[in-house]
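Q: Residue numbers (UniProt numbering), protein chains in the order written: chain A, 1 to 309; chain B, 1 to 334.
Honestly, the hints are just simulated from the structure, not real lab data. Heads up, a few of these hints could be off.
[What the hints assert, rightly or not] Sample of chain A residues facing chain B (criterion: CB under 8 Å; computed from the structure):
#, residue
1, T60
2, P64
3, F77
4, I117
5, L145
6, A153
7, W174
8, L242
9, A263
10, T268
11, R269
12, Q272
13, W273
14, A283
15, V288
Glycine residues also receive a C-beta, built at the ideal position from the N, C-alpha and C atoms.
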Amino acid sequence: MSAVSSELTIDDGTPKGSAIDRLDARAAKARRGLGSVGASSIAIVLAILWTIPTFGLLITSIRPQADIQTSGWWTWFSSPSFTSENYHEVLTGSTTNFSTFFVNSFVITIPSVLIPITLALLAAYAFAWIPFKGREILFVAVFALQVVPLQIALIPLLTQYVRWGLNGTFWTVWLSHTIFALPLAIFLLHNFMKDVPRSLVEAARVDGAGHVRIFFTVMLPLLVPAIASFAIFQFLWVWNDLLVALTFAGGSKNVAPLTVRLAELAGTRDDQWHLLSAGAFVAMVVPVIVFLALQRYFVRGLLAGSVKG
Amino acid sequence: MDWLLHADTTGEKLVLMVVAVLMFVAVMGLILFATDRIRSLPPWVVGVIFVTPVVLALGFGLVYPAIETIKESFYDRSGAFVGLDNYVAAFTRDEFQVVLRNTAVWVVVVPLASTAIGLLYAVLVDRARFEKFAKTLIFLPMAISLVGASIIWKFVYAYRPVLEGVPAENQPNQIGLLNQMLVWFGLEPQQWLINSPANTYFLIVVMVWIQAGFAMTILAAAIRAIPTDIVEAARLDGLGGTRMFRYITVPSIRPALVVVITTIAMATLKVFDIVRTMTGGNFNTSVVSYEFYRQSFVQRNTGLGAALAVILFVLVIPIVVYNVRQMRRAEEIR
């Protein structure tokens with residue numbers, strides 16, 4: 001949870017006119033003062049440190065198994081060798097079968113993003129724009145629920161699901177992700193929603209629109225960036241989640257997502273680097289693409305106070 | 001209709017997903033349509049309709065389970081009431097001493113290290129050439145699952161046993177980068193993840209690797225927001241470089257620093273994926289959140305597991321209170 005500010009004017013640094021130019025000149029001067037060479041070299045060292053571990057595993061995933069076991073990935077540059085066998089085995093091999101789990105991850109994630117956003121939008125609208133008795137207290141309560149660690153809810157929830165005979169199905173995973181996403185989603189969307197100018201809503205009211213119509217015709221179009229921010233957040237959270245998936249879907253091969261399978265592989269075959277490396281990248285590829293494509297929205301969401309804990 | 005509960009093939013799963021989404025859309029659509037049609041509804045009824053699904057979901061999925069868990073923490077695994085015994089066990093038993101000590105180390109080191117690195121990087125690349133690309137590199141680990149990140153680092157730490165009485169040039173090649181670097185420097189390869197207590201720090205590296213990007217993003221934005229005239233005035237007074245950083249930058253972004261540190265601390269308290277994937281909690285690396293998982297799902301010691309979950313909850317509260325206070329103050333300043 002938590003927020004830095006709902007300052008949405010902070011953007012990702014696209015220059016705007018002469019003010020920025022002046023800033024640039026100033027910054028250039030500052031850098032000269034700080035020692036441009038020293039500063040850049042520290043930055044470059046950090047960037048390399050942060051990238052090398054992933055890069056090493058990526059190289060490993062395209063090396064033949066025999067090479068991986070007998071020499072380090074850095075020797076690949078002097079004696080390169082390629083194979084797609086690792087990916088092939090990890091995706092379709094009968095013991096790994098990541099393609100099945102890939103589908104599971106996908107099936108889990110889509111509704112777990114759509115449903116909480118819809119519910120949270122409605123609630124956030126009510127909290128921001130419809131006066132009703134007990135609204136303030138209810139909103140504070142929802143806000144406070146962001147604090148509750150998931151751990152505290154898991155076992156009783158699982159007991160309920162078992163009682164209903166729903167345990168180990170997609171339904172419980174969707175429901176759980178939806179519930180756990182709501183406090184943050186409402187808080188974040190409420191932050192955006194209360195900033196919509198009152199005059200817009202009033203004008204629609206004068207035209208005789210009810211709250212449902214205002215919600216769809218006035219609010220939703222304005223909130224597209226906010227929705228995108230939360231959607232990418234929730235997408236990454238659900239796709240990368242291990243705890244919820246282990247608890248509610250861990251035992252079922254037909255429901256468990258990639259993270260569960262990957263963790264299992266890391267536990268049982270921790271020396272099979274040809275499978276682990278390829279498997280890790282199969283699990284990573286979708287969130288990384290989504291992340292790179294929608295980074296702007298992600299940053300905006302972070303700055304608006306959406307850090308799930 | 002068995003596929004509704006047990007979708008086995010890819011086709012069935014996709015159909016099930018579409019059906020579930022359509023059902024949800026239909027139900028919500030119906031409610032909203034009805035709400036819009038009935039003209040005479042007073043506004044507060046509309047408000048109640050809008051928040052009811054959320055209130056029900058949160059009541060069922062968070063409030064009620066939390067209360068159950070708190071209750072559960074006073075019972076042992078056979079269902080007998082034991083009062084505070086589970087809490088006493090969690091704080092006094094020898095095996096848990098290590099767990100508590102590790103958790104403390106995590107909560108102190110991860111936020112401070114991530115924030116320090118994030119801040120340094122944010123200052124260094126601010127308005128530099130390739131700024132966007134440079135930031136993305138540090139930021140990217142946030143997109144990866146903790147399981148994936150753990151595997152990436154486990155490979156960095158990979159260890160090949162050193163054979164006794166075999167000359168250095170005939171030793172098996174190290175395949176982990178860190179050990180190979182030791183070999184290049186003529187040192188003995190280490191079992192990074194096994195030798196306690198240092199191994200906890202090698203797990204912490206993974207979390208720092210992930211969180212530094214978060215710290216950098218927030219702090220970079222805060223640095224951008226420092227008013228130009230303040231910086232300009234300081235410069236006229238002859239401040240530059242490190243002194244500018246020390247006397248202008250850091251004080252100006254203090255609220256953001258606090259928020260970043262507390263947010264990372266909270267995330268760190270709850271993380272169990274790294275420990276589970278890298279060591280399985282062995283070799284004295286367990287933390288409270290992992291111990292909760294182990295006691296609840298592996299040992300089936302639900303009472304103790306519940307107590308650990310409650311402890312986790314209680315540990316988070318002071319951080320949150322502090323965080324909210326700082327946010328308030330930050331907003332007042334603005």
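Q: All the hints need checking, so say for each whether the structure fits it.
A: Quick rundown of the hints versus the structure:
| no. | hint | result |
| --- | --- | --- |
| 1 | T60 | holds, 7 Å |
| 2 | P64 | violated, 14 Å |
| 3 | F77 | violated, 13 Å |
| 4 | I117 | violated, 11 Å |
| 5 | L145 | holds, 6 Å |
| 6 | A153 | holds, 4 Å |
| 7 | W174 | holds, 7 Å |
| 8 | L242 | holds, 5 Å |
| 9 | A263 | holds, 5 Å |
| 10 | T268 | violated, 11 Å |
| 11 | R269 | violated, 11 Å |
| 12 | Q272 | violated, 11 Å |
| 13 | W273 | holds, 6 Å |
| 14 | A283 | holds, 6 Å |
| 15 | V288 | holds, 5 Å |
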